[in-house]
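We have chain A; now place chains B and C onto it with these hints.
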Amino acid sequence: MMNKLFTALGIVGVPISVIGSILQWSAVIMFIVYCVTIVALASIIGRATESLAIVMGPRIGGLLNATFGNAVELIISIFALKAGLISIVLASLTGSVLGNLLLVAGLSFFVGGLKYKRQSFDVHEARHNAGLLIFAVIVAFVIPEVFTHTMNDRDTMTISIGISIILILLYLAALLFKFVTHRGIYQDQDKPNEKKKKEEKPEWGKIKAIVVLFIATIAVAYVSEHLVGTFEVVGETFGWSELFIGVIIVAIVGNAAEHASAVIMAYKNKMDVAVEIAVGSTLQVAMFVLPILVLLSLIFPTSMPLVFTWPELISMVTGVLLMIMLSNDGDSNWFDGAVLLAAYVIMGIGFYFI
Amino acid sequence: MMNKLFTALGIVGVPISVIGSILQWSAVIMFIVYCVTIVALASIIGRATESLAIVMGPRIGGLLNATFGNAVELIISIFALKAGLISIVLASLTGSVLGNLLLVAGLSFFVGGLKYKRQSFDVHEARHNAGLLIFAVIVAFVIPEVFTHTMNDRDTMTISIGISIILILLYLAALLFKFVTHRGIYQDQDKPNEKKKKEEKPEWGKIKAIVVLFIATIAVAYVSEHLVGTFEVVGETFGWSELFIGVIIVAIVGNAAEHASAVIMAYKNKMDVAVEIAVGSTLQVAMFVLPILVLLSLIFPTSMPLVFTWPELISMVTGVLLMIMLSNDGDSNWFDGAVLLAAYVIMGIGFYFI
Amino acid sequence: MMNKLFTALGIVGVPISVIGSILQWSAVIMFIVYCVTIVALASIIGRATESLAIVMGPRIGGLLNATFGNAVELIISIFALKAGLISIVLASLTGSVLGNLLLVAGLSFFVGGLKYKRQSFDVHEARHNAGLLIFAVIVAFVIPEVFTHTMNDRDTMTISIGISIILILLYLAALLFKFVTHRGIYQDQDKPNEKKKKEEKPEWGKIKAIVVLFIATIAVAYVSEHLVGTFEVVGETFGWSELFIGVIIVAIVGNAAEHASAVIMAYKNKMDVAVEIAVGSTLQVAMFVLPILVLLSLIFPTSMPLVFTWPELISMVTGVLLMIMLSNDGDSNWFDGAVLLAAYVIMGIGFYFI
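Residue numbers (the working numbering), protein chains in the order written: chain A, -10 to 343; chain B, -10 to 343; chain C, -10 to 343.
Excised from the complex, chain A in its bound form (with noise of 0.2 Å):
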């Protein structure tokens, strides 16, 4: 039912888009269409992309989600780095991280918990992303925060470069790891789930999956481009600073389909599913969307360091570090649930006033 209202919200949204921008309407009402017009393709995309999976097949799949997962969000930082908006692609990638960590698998756990008094998701596979996170957002970026704070502009991009390659090949070296060299070695003996994922049926056939996703990410790009030329008249008119856009609305917009489909997973008491969106899509982010930003920013005129605003860097280390501790024992609860929601408040209350 929510993937009918999508689509019918995509199917209008579009066009209105269109009519909308032609017409020269008011920024902010275009801001809203524009807003909701994305999480409507945003839920196609992400849904096209699933049907295309499980037609693949498992590895194919994997590194499917593994890379279109987040195409709505690289798509449009792609238009904002075009327009220069370096430090709101930054924001809108922290906005991501959080979101994903602290606001999705807050929710998740909150009302699966609300449902079921304890779940359990693989706590192995906890672990494993744990790694990958404190390598992603403590290593990765808190290095060149405090290496280039003295530096000259180009060394710091090259440093950002050189992260940026090992960011990716590392990301590269995890599919490897989960899909190929050691597929299923850590999961319970006793839990049969690849029984359970033959009896996922694909929602598309494969050329219509391609086809959807082909006009749904043209239609995203077309979208977004003038979404960012938005950003400047709604920060003056509600007083919102570059900052919070990018951290919360444009996080927000960028990931709203996901952050629906983990919570339902989670009241289905799929917390293995509902965590691997979260953390899943925090990683990518972190490790592959980032870094392919940063490459990507050098055939622009403005080219974006790896260097985030302390406030940014700092929400993010303390997300990971409360998410670690709270993901650690494979168990989860209302009362987890609430502590990552009260932690995404605390940072979003910090990033209005900011």
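Among the clues, some could well be false.
It does not matter which identical chain is meant; a pair holds if it fits inside one copy or across any two.
[As the list claims (entries may be wrong)] No farther apart than 30 Å at their CA atoms in a straight line, the calculated lysine-lysine pairs in the DSBU-like style are these:
1) K167 <-> K257
2) K259 <-> K106
3) K259 <-> K71
No lab work stands behind these hints: they were computed from the structure.
This one's a predicted model, so the numbers in the text were calculated from it and none came from an experiment.
Chains B and C only, in chain A's frame:
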């Protein structure tokens, strides 16, 4: 026996405090009198609360402990706030966190470990508390520090109020989780510690406990107000900074009675109780006493933001990480205690010279 | 075979070092000669210590390893201290911590993981070490950094001396814990590794080992003193900063032999030994070599405070957090190794450009 000593000290100390303050005895002597009296009164308040808690049953008892457990610190801090000594209040709360986490837990582990090779405590409880420690200290205290750096005083206070409200709400949620929705859920089935609890007998009856609690609280308020007045002279006399008085002296005076009972519990191999006193008290200070003081400070001339100095903040953050690492396996020994004590001494040296 | 190579290199390297330094050969060539000679001598010292340790039994053997294990680094550092190169000494100790934690453990996990799907090591030992790593690096190194920011040099040195003494005392306490009070307490009962130890045969007899240890140590001292003299010219020639020479070059030279044996152990699936070399050596540098050097520096013209630069400190802190997260489950694979190596490369890039 120790109880009798404290009772005697309390009964003798209060009149001496009154006489000394009226006759204006030397500030240094009165500082010592006040400190000893408060330690004694804190012990009496603790026993009255304990007795009431047993009489009222586990839920209301837990609530009583959770609100009156740090009543003495709350009272001293209110008088310090009234006197505008914002930085001493923040320092004494820092000291309370460090004292409970490092000194109390350290002494408990060490003394208990001298008698027993290995002592164990509830690992689920330890992890639950670890999550809250990271939330309170690493998220809720670090975020305002970093975000308010370039902010004006009004926004800083607004953020402080917002975070304080969230801390109190989450503290209440934690009580709901512990005493209502998940009571006993995470407890080992083979440890029937309900039986143990039934054996407990209150030291005092309901009426006597309430009367004692009432009188001792008023006495603490009186002595605290005068204690706060001696800080300036004492600091000058001994060459102690405000930070050192707050972090080390006030924190030890306010918690001494509690410290003693934790160590005694550890020596009796009741590590669950010892850890609960140390970590539970830390959480209570961080998530209840401190935010209440921030909100209360709004009615005083100088309001208190939730912004620590860097040395205070870093001490708490590193102390929390150390404690979490050492308690994560639900197992303690003398060496774990030595590590915590060494960390406390290092921080004490730091605060002495700063 | 590798042992014979190192013996030959040592026997050839020392006279070439002497001749080259007398004939004043080019500093860059001599830098390389000195480095190779020290690597060879370090291997010889390591084997002599190992032989003595086996002859003397586990307690004194453990103590020998714990004090002579980083003798070469200690000697190089003493000559650098004498030459007033404080920042190179701190940098090389940073490099030693990073090299042992990230490079050695990373290579061991990676190389071992190429041969075995999963390798396991003692999880109790790993957690015990994790507590010490947090204590040493995150408490004892971070606290002086933050506290001495606004402090004069004298107070900074006083704090440094105090913390150094506490570090040494806790290091001795850790030995007492490991070899006396809790020997074997945390070991799995089903792994009778006492038997394995009995099979070990020393390479050299007691007398020969002592003579070799004596001669090699004198040779290392001689070569180290001359190596330190080449740093300035080498730095200018290659455009390397003092930080880079210390963190990367000196650290690798001082630890190369040790590194090699850890990787060989990992390849033989003796992960407990490999992890012990990596983490044990880190702890020895942080809790014994460094504080000894701080105290020794008092007899030299320039005394060395326990205050790292921010990049050094943050590298160590993040490295420690990463290592703890990855080793917390007592299980390693090639990917864990790749993560550690990637972190080392990122830090190496940072120190190169700084």
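key: Same-copy or cross-copy closeness of K259 to K106 [CA-CA at most 30 Å]   = both (14 Å within a copy, 28 Å between copies)
message = One pair to classify: K259 and K71, alpha carbons no more than 30 Å apart. Within, between, both, or neither?
response = Answer is neither: 40 Å inside a copy and 53 Å across each miss the 30 Å cutoff.
inquiry  = With identical chains, the pair K167 and K257 could be close in the same copy or across copies; at 30 Å between alpha carbons, which is it: within, between, both, or neither?
reply    = both (25 Å within a copy, 25 Å between copies)
Violated hint: 3 only; the structure is consistent with all others.
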